[in-house]
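Its first residue numbered 1327, the sequence shown is counted upward by one per residue in the numbering used here.
Because the hints were derived from the structure by calculation, they are not lab data. Since the model is a prediction, treat every value here as computed from it, not as a measurement.
Taking lysine-lysine pairs in the BS3-like style, the calculated list, with each CA pair at most 27 Å apart, reads: (1) K1338 <-> K1357; (2) K1357 <-> K1436; (3) K1357 <-> K1340.
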Amino acid sequence: MIAFAIAEEISKIKADQRAAHQGKRSAVLAKNEHVRIVLAVLSRGETLHEHATEGQITVNVVEGAIRFNALNERVRLTAGGLLTLQPGIRHSVEALEDSAFVITVCAPEKAPGS
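My request is simple: use the sequences and hints to build the entire structure.
Written out as structure tokens, the structure is:
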């Protein structure tokens, strides 16, 4: 079992000036063959450009507000908001305010016998 104090993790990311200078404003909280959990911090106006993942994802906003864009839809999520997205769907994120959110990426299901 691993527990995280998300507010403390957000503070660490915000305080890491070297990582911020390199454009890295996230931290992998946990990773194994089944799941990857990432805490991302974006300043107002910053974006995660369009991309897709092989596995299903969840996005849980813990601070601020973001706009999640996928399938020609735009969803505004605020602190406490949660969404899920199926594998392979292209999506992007824009911070409407200074924001932090947890992304969970599930490993794609393997075909039987692989």
